[in-house]
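S.K.: Note that the protein sequences, when read in sequence, are chains A and B. Residues 1 to 181 in UniProt numbering are what the first sequence lists, from first letter to last. Residues 1 to 181 in UniProt numbering are what the second sequence lists, from first letter to last.
Just so you know, these hints were derived from the structure itself, not from any lab. Certain hints may be false.
Said to hold, decoys possible - Computed beta-carbon distance windows for the label pairs: (1) Ser176/A x Asn27/B: 36 to 44 Å; (2) Asp165/A x Pro142/B: 42 to 50 Å; (3) Arg23/A x Arg61/B: 33 to 41 Å; (4) Gly122/B x Glu138/A: 44 to 52 Å; (5) Val32/B x Arg156/A: 19 to 27 Å.
From a predicted model like this one, the values you see are computed outputs, not experimental measurements. All C-beta atoms in this analysis are idealised placements derived from N, C-alpha and C, irrespective of residue type, glycine included.
There are 2 protein chains.
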Amino acid sequence: MKFCSECGGGIALRVPKGDDRDRFVCNDCDYVHYINPRVIVGCLPVYEDKVLLCKRAIEPRHGLWTLPAGFMENGETTEEGAARETWEEARARVSHQRLYRVFDVPYISQVYMFYLCSLDDGLFGVGPESLETALYTESEVPWDQIAFPVVEETLRAYFDDRRRDEFPMAVKAIRSRRPPA
Amino acid sequence: MKFCSECGGGIALRVPKGDDRDRFVCNDCDYVHYINPRVIVGCLPVYEDKVLLCKRAIEPRHGLWTLPAGFMENGETTEEGAARETWEEARARVSHQRLYRVFDVPYISQVYMFYLCSLDDGLFGVGPESLETALYTESEVPWDQIAFPVVEETLRAYFDDRRRDEFPMAVKAIRSRRPPA
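Work out the full structure, taking the sequences as your base and the hints as a guide.
M.R.: Here is the structure:
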């Protein structure tokens, strides 16, 4: 951030009066530009004994598999955002959404919220951000080609929980980047 | 938003290529300035049969009672943020945090996350954003002076749950502003 979005003035990193940490503050109009964590919302759509995955058509992790998810938009709920992303990436409608996993990823200032849900009628397609989409049983999941640690952890938790037929919500923190393979 | 924070150029509200909704885009450098929902994190600290509330020293709702909560900061987890706010506003240390209520408030693009927790040693004080702080039993809570609907709903849910001795997590959407009294 180099210029004030309100007046076009120059920006300095300093502690505003009454605050206790550095913020981007305008040298001319004193406007404080807060930068906040971002929320990623997604779904784990289930149909019979299978889960719906998307092969990424975009960076990062182009060509690897993920759950439908993306940045929450203004004016929607987390549940609506998760359903919207599932439509956008996999042309799938979902129901019976319940919050299943929250991941705090503080080193990139992100919060992930995954909803466990049913894939309506088993129908899905391929949205513009996906190369392909597919329903996989546990043994069919391409475990060595999963795009993100939060996705792998959510999938493994789901298949474990299904054996117990209990699906408790959990909050987890991811403290460091995945080590290189 | 009037000026590009990257190059100082003018901003237009338009749909970027490959997107499906209006964004603030720079006319000069094409930088897309996303505006995302914000996360508010807080605690419901419990000590014996009492809950810890804070009387607000700041607007909005100056002089009304609330749970310790505030905007999540970059570089922290939701749990850490909730504990930090509880220290800042009520000089209280907490433990045994568990996610208890998520509120989507889409008309102001906010997500609230309240953690149920224990107030360590029953100790607390008054932070700079509070006029006073206090432990209240259910009948002592100043129910007609609660600052925000999400706070009242969280408190009522807690006292109901305590009668059952079960504290399930729930996600709720607040769809409209509280009607005027």
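S.K.: All hints are to be evaluated individually against the structure, with a verdict given for each.
M.R.: Here is how each hint holds up against the structure:
no., hint, result
1, Ser176/A x Asn27/B: 36 to 44 Å, "holds, 40 Å"
2, Asp165/A x Pro142/B: 42 to 50 Å, "holds, 44 Å"
3, Arg23/A x Arg61/B: 33 to 41 Å, "violated, 24 Å"
4, Gly122/B x Glu138/A: 44 to 52 Å, "holds, 48 Å"
5, Val32/B x Arg156/A: 19 to 27 Å, "violated, 35 Å"
Of the numbered hints listed earlier, those contradicted by the structure are 3, 5.
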